[in-house]
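Participant: Got chain A sorted already, so can you dock chains B, C, D, E and F onto it with the hints?
These are the residues of each chain, in order.
Protein chains: 6
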Amino acid sequence: MAQKIYVEELKKHLNKEIISEFLVTQKDLREGTKDFYIRLTLADKTGSLPGNVWNNAKVIAEKFNEGDVIQVKGVVISYKTQIQLTVNKIIRLEPEECDLADFMEATDKDINKLSDKLFKYIDGINNNYLKELLLTIFEDKEFYTAFAKAPAAKSWHHNYLGGLLEHTVSVTTICDFMSVQYPVDRDLLITGGILHDIGKVFEYEVKANIEFSVIGRLVGHIPLADQYVSQKAATINNFPSELLMKIRHLILAHHGEYEKASARLPQTLEAVALHHADNMDAQTVGVIQITQKMQKDGAVWSEFDRLNNRYYYLK
Amino acid sequence: MAQKIYVEELKKHLNKEIISEFLVTQKDLREGTKDFYIRLTLADKTGSLPGNVWNNAKVIAEKFNEGDVIQVKGVVISYKTQIQLTVNKIIRLEPEECDLADFMEATDKDINKLSDKLFKYIDGINNNYLKELLLTIFEDKEFYTAFAKAPAAKSWHHNYLGGLLEHTVSVTTICDFMSVQYPVDRDLLITGGILHDIGKVFEYEVKANIEFSVIGRLVGHIPLADQYVSQKAATINNFPSELLMKIRHLILAHHGEYEKASARLPQTLEAVALHHADNMDAQTVGVIQITQKMQKDGAVWSEFDRLNNRYYYLK
Amino acid sequence: MAQKIYVEELKKHLNKEIISEFLVTQKDLREGTKDFYIRLTLADKTGSLPGNVWNNAKVIAEKFNEGDVIQVKGVVISYKTQIQLTVNKIIRLEPEECDLADFMEATDKDINKLSDKLFKYIDGINNNYLKELLLTIFEDKEFYTAFAKAPAAKSWHHNYLGGLLEHTVSVTTICDFMSVQYPVDRDLLITGGILHDIGKVFEYEVKANIEFSVIGRLVGHIPLADQYVSQKAATINNFPSELLMKIRHLILAHHGEYEKASARLPQTLEAVALHHADNMDAQTVGVIQITQKMQKDGAVWSEFDRLNNRYYYLK
Amino acid sequence: MAQKIYVEELKKHLNKEIISEFLVTQKDLREGTKDFYIRLTLADKTGSLPGNVWNNAKVIAEKFNEGDVIQVKGVVISYKTQIQLTVNKIIRLEPEECDLADFMEATDKDINKLSDKLFKYIDGINNNYLKELLLTIFEDKEFYTAFAKAPAAKSWHHNYLGGLLEHTVSVTTICDFMSVQYPVDRDLLITGGILHDIGKVFEYEVKANIEFSVIGRLVGHIPLADQYVSQKAATINNFPSELLMKIRHLILAHHGEYEKASARLPQTLEAVALHHADNMDAQTVGVIQITQKMQKDGAVWSEFDRLNNRYYYLK
Amino acid sequence: MAQKIYVEELKKHLNKEIISEFLVTQKDLREGTKDFYIRLTLADKTGSLPGNVWNNAKVIAEKFNEGDVIQVKGVVISYKTQIQLTVNKIIRLEPEECDLADFMEATDKDINKLSDKLFKYIDGINNNYLKELLLTIFEDKEFYTAFAKAPAAKSWHHNYLGGLLEHTVSVTTICDFMSVQYPVDRDLLITGGILHDIGKVFEYEVKANIEFSVIGRLVGHIPLADQYVSQKAATINNFPSELLMKIRHLILAHHGEYEKASARLPQTLEAVALHHADNMDAQTVGVIQITQKMQKDGAVWSEFDRLNNRYYYLK
Amino acid sequence: MAQKIYVEELKKHLNKEIISEFLVTQKDLREGTKDFYIRLTLADKTGSLPGNVWNNAKVIAEKFNEGDVIQVKGVVISYKTQIQLTVNKIIRLEPEECDLADFMEATDKDINKLSDKLFKYIDGINNNYLKELLLTIFEDKEFYTAFAKAPAAKSWHHNYLGGLLEHTVSVTTICDFMSVQYPVDRDLLITGGILHDIGKVFEYEVKANIEFSVIGRLVGHIPLADQYVSQKAATINNFPSELLMKIRHLILAHHGEYEKASARLPQTLEAVALHHADNMDAQTVGVIQITQKMQKDGAVWSEFDRLNNRYYYLK
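As you go down the protein sequences, you meet chains A, B, C, D, E and F in turn.
Going by my numbering, the first sequence opens with residue 3, and the numbers climb by one from there.
Going by my numbering, the second sequence opens with residue 3, and the numbers climb by one from there.
Going by my numbering, the third sequence opens with residue 3, and the numbers climb by one from there.
Going by my numbering, the fourth sequence opens with residue 3, and the numbers climb by one from there.
Going by my numbering, the fifth sequence opens with residue 3, and the numbers climb by one from there.
Going by my numbering, the sixth sequence opens with residue 3, and the numbers climb by one from there.
Hints listed in this document are in silico derivations from the structure and should not be mistaken for laboratory results.
Treat each hint with caution, since some may be false.
Chain copies aren't distinguished; within one or between two, either way the pair holds.
Below, in silico cross-link-like pairs of lysine-lysine (BS3-like), each with a Cα-Cα straight-line distance of 25 Å or less [claimed, not checked]:
#1 Lys60 with Lys143
#2 Lys36 with Lys262
#3 Lys122 with Lys75
#4 Lys317 with Lys156
#5 Lys75 with Lys6
#6 Lys122 with Lys156
Every value quoted in this text rests on a predicted model; they were computed, and no experiment measured them.
Looking at chain A on its own, in the form it has when it is part of the complex (with noise of 0.2 Å):
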């Protein structure tokens, strides 16, 4: 496939044709005075613009739908001042064609560091019956590659590929140091920092965005890990069953009040904990991706954040 054009790069091509991949966000098939036409929004992790469809509207409309990625022929013009598209030729692309990190972006670590943290704090686990568990979750290579690509959430903190992993990692890294600071079970609290948001993996849809799956807004994220771990408990031999109470609880509260969605308050030092270290992180991130965004344009005060009801001071 040829060298992807990015929406941020297309004034350079202007009055020219260009070949190149978008993800389609809107799509509308609209009826013209003399013909029908299609209205698109073409956009990639760089920006968006819109396009035109003008020729053989009703046919080419039913080839895809908004949140495909499709490869485009067409001309790069300029109407009233802004850049569009117009569009000769669509081609859908499958998931699998296309490079999801053109169309969202992603984390800024590495992923492999991330994922050698994350083994490293398993393999500190000293209660074997725990390792087990979080060995036979994270070394299933079909899970894993779906858990290292997924974000943490739809908008917020962490909301691109390789977010929940990240944040994952961050979690865990907090139960750490809080296990030296508290009295509490590290070994719990570790598996708990790294199972809490695995539900995740199955709640959001990534092709070329981010969606929530059905099951993730039906049954939801927290659920989902409830069962996922309890399953994969039930693979062990003799797992303990309060132990396994007392993850399911782990995963069950880390939200932390009912207000938030929490399925329970936290009741144990190390639900406590968790919840803590989970809401440090997002919290803490969620900022630092609104602020280190407008810091480069050298504004004095974010943009409001509605979430939060209140301005962010960058100087």
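Facilitator: For chains B, C, D, E and F alone, coordinates are given in the frame of chain A:
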């Protein structure tokens, strides 16, 4: 075993020795001026009274705990106008040796009729997967015995033996009614009505009183039901994953709001309907329990209902 | 009057002159570069479109207001791919000159059958005072005409012509069902179901759309019903004051919580029951309205329901 | 009737027989070791003490209830350092036979001066309809007697005899002040100040203590005032419906927020003003009551005010 | 400087060149098809309009920022029926070169009369420490100039030049009134009324619009006032620490509730009183501002007040 | 002074005369049947017991108050199986005459090591202004003595002698950890960690128990710290105002939410981080205190934690 003498009958035995069974709700080994003695609170479903063990207290105190049912031999006395028991001998009973109905309130409905209704609802389901799932669960004798005995709550509505069965049949009856009124998927809604609270079988420990089990507190009846139903569905050939997801959603969302510890918000019409059926029965029966007890006293107003911040008018 | 041409049919009349009636939802007299013109939004129950009055705008603008229904003579044109109306002549219609059903959604239930059901419920009441009260209210022709036409809301559930009657019958049916399930005073509960929302007859002004009346906003349907019912009861010989007080309580408390603008908290068993009957019907039908509209489009998820903070799954 | 002896004076009569009147706040018929006896709590506005009826208890217990005022003949004794009354004879008194001011706190303001102020405000109203409405209400002797005696609350602010009149005059004075500061309709606001709480005349039953009446709990003072005022307005020729609507709105909205059981939100400038006048007086006087009582003790901090979650500094 | 031409007057100058001063509320340097141009929004207190700089855009764009007032030379044109300005020359003005009253609303009260009232209240204080503290603060010319110009808010009530002085005098007048009604320490309450919002002098930056200053957002007007008053008190010989503590409490607690960003809850009678005085004035004037603007239009209802979740009736 | 005898040791001295020091937590002068007597509750960190002064009560009662530490000479007796003290002589002690550690719990950490850690963190700060500010504050001997002794709370977490120092070091350690994990300004965050709670030095009065000081209640530890730090910064040459503003923000915003009495919302990355560090330590240690006390008893569940609405599992 001799005929049980209830707490409310003891005054007829003043200054006589009796033998009867009581639940120990309080046990205090205290140091008196001369020797140790045990201060007890003994209870059955008709009331409670104090008891004292004056002789051999240290040894006897080892034999039983709060929450146990004991057979007591002792003398009924009157102290400062209050009936008490001077206890001379104590035998700890195993749960299976005593009749729970002596110690706890039970539903005044006919258990067999409730069971018949339940199975009739199961029988009326058209979808074979759903019917098989329900039969797999409810034809398990051991499970059904626990289910038919379980309360639906520790306090508030249906907090008595058989309360869970009574509440389940009542909610299912409302679901049946709703399926005539509204364009819902009847099979799904009936299934949801039947299954929504089965986690409560595991949430409470019913000995001679109702207590939360450890797993009841740490995992809770909603994830417990979610998992129990998922495991049973896994034993059925080709159980459709879409259908299982919808049932799980019914269970996970039936509390309706995060603030009320719901694991999900109702996102299907059936989940909305089930939440209202459950809420209607729970709240209405809760108020019936409060007001009926008071009406016997001829009072005009109930006692203050702290949970709901009001009095009830009884005339 | 000629056959109404609906908004959704206008494209068939492109570039032709038509005569039809529309509701004016927006009216702007604007100063153009040469002369004043009027920019309109015209609507009926099938949709809306822009219209322009280019000639004699200042004079014509005096003749009607937003909220009026007007008869329009004009040419259907296409401007930037969008259908518009170039309006040449306008006649303002009196409410009684136009058919509300052209402009607003109406219940798809049969009004006569709903009325029959309502009167059958009244007929089944044993308490003569209650029956006489209900007949006094509902046999008043003028009142009943308004009642049978009224919506039950401006937005959310039953927000269409006949919605109040439909909702009233549905809530009363639930009350009837509950009176079999629970030890309630059936006559009282049925009366409450029938009367609880009658204040809405005065709360809305239904012209060609639904608006709050001034008294609807300043006094509200709950005190309006409280007063209407009290006045009617005062016309009945020896109507028991205790009974009136209970009915007033049913009306005043039916919203259930102060936060939801209830004037009282439910403090009788019947008031608790009525609140749940009302809430069940309102919420369930609200979700049915949202999901049925979407299901026609073949969507998987509904649009976001801001009021309830969720999407609904449509499959 | 002989001079009343107050609870706080009883210690001067130790071991002597006295005759005096007390409010019965608790009455328990108990079975003693030999015979039945009655355990009483007797109170007046200076305090309370225990009393016992040892002879003929079963018969005497039939003669009065909690909430009654009784004339007692008995001996003042000291038991475990505490003053008690051994009661030998009891006569139940009718409300009109006793002086409420012996049993309940009363305003320390002069009732006649408060009444004068109230009627001066009525006199100063220019709008004849409003003036006539107010005179119709307040020149009704029976109503005014009840009004001038009524408390404004059961607990919190102005919870004493005459409290409603005192609060009404105070709120009206604030309204008068506001009508100079702000561009409000003075006649309307003064009328609102005078009428806003008149429903409290019916909300409480004032015998020898303050209790909610049944209609006070089931209908509440806001709808009671709404209806009372509407009925009185209906007796006035041509009372403008727009004006009545505005007065009703003032009454219905004066609590300001739904959470505080307001039937409407304030939607006119006068309703906003009235709410603030009412709130200012209620809260300020509430705190004055708490702090003045404590200041007599020389304490630095008041007791904890649970309702408002704070202590008050008294220096 | 030539006479200012206001935005609402520009249509009289259609197709003519004008010179006037405007506030820049938006500035966008855009790349056109041929060259860069600047897209502006220009405003004064009578409205706003778009402006375009077509020539030398890159250089001119360096000379000023959003929030600046500029002197503009340009031609008034009409584009798509809308008035615009084609800007030919721009001179940035220093704040002291322009009259803020051209760009912002100002109080319609007489500033001198308000000042007189304020100083009369100060003069009427008996406690010499309090009087000296107030004089130390308000006789500082630089401070007073800023104080008399400051708004009391960015949006909602008193959000105009002089609004802080107007609000301060109004709240102090209410405090004066309350000191007659209630047994408060008048000197203290008057002092609290005068000082409670002085932190707003530092909270806003008033150039040609109202913006929060950085310290206004990060520290806030309450701690700013707390510190300013404490520093001034420290310059007075032997200022009693108990008295300073009470003043600080008045400032820190005047928002009344933590949810409304109060630093303390009111714990003295004067703090309770001040909170109600402040709230009464802020809320009443807020509604007056909303309703007066609308009443000029002859509307029946105000626009929706999102902050308070209601419409206001204007008749 | 003789060796202190603790409350828990008194039973060994039954019927003997002892001399020891106790905190008076309750003092009641009561009128007995013959004479006045004083009823006391006497306490130290091991428990409390009743005491009685039978002779010369009126005179002795003048000599001390609740909250004082007194030296007591008296006889240990047993009354109704309970240990009491018959007090014969009382000497009131000045705070400096008694060892607080006898009456209150204290941190089990080594104070000197905590101090070393604190000064090492100060030493590691690169910004000279911040380092000088911290040294100015913490090298003040009188301040440091109070700081090292102060508790961090009256109830909940770290409510013991030295708790403030322990909590400060712990929060600073978390800040140090976070400065490695996240792109924060380390010097600023460490300074925030050290200073955030120093207002608590003035918020509590620590005599032989922990009480809020008057200024602690009326001004609170957040404005107290804000002012203390500002005053100290003012003594440093050219302390940058921008830097001071950021430190003030850290202090004012560290409670995180208005509902939790924060004076500001965190609006810088460091303020967000500090809030989470503070919260993590406070909540985790709060739960550790609850659970550790219970674990000694061998209980399965802690007592109910009302503040957080839950039990904790102790196994």
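Participant: Cα distance capped at 25 Å. Does lysine 36 pair with lysine 262 within a copy, between copies, both, or neither?
Facilitator: neither (52 Å within a copy, 52 Å between copies)
Participant: When no copy is specified for lysine 122 and lysine 156, does a C-alpha distance of 25 Å or less occur within a copy, between copies, both, or neither?
Facilitator: neither (28 Å within a copy, 42 Å between copies)
Participant: Give the relationship of lysine 60 and lysine 143 under a CA distance limit of 25 Å: within one copy only, between copies only, both, or neither.
Facilitator: neither (43 Å within a copy, 55 Å between copies)
Participant: Within a copy, between copies, both or neither: where do lysine 317 and lysine 156 come within 25 Å Cα-Cα?
Facilitator: between (28 Å within a copy, 23 Å between copies)
Participant: Using 25 Å as the alpha-carbon threshold, which applies to lysine 75 and lysine 6: within, between, both, or neither?
Facilitator: Within one copy only: 12 Å inside a chain, 47 Å across chains, cut-off 25 Å.
Participant: If the cut is 25 Å between Cα atoms, do lysine 122 and lysine 75 qualify within a copy, between copies, both or neither?
Facilitator: neither (47 Å within a copy, 63 Å between copies)
The structure fails to meet hints 1, 2, 3 and 6 from the earlier list, while all remaining hints are met.
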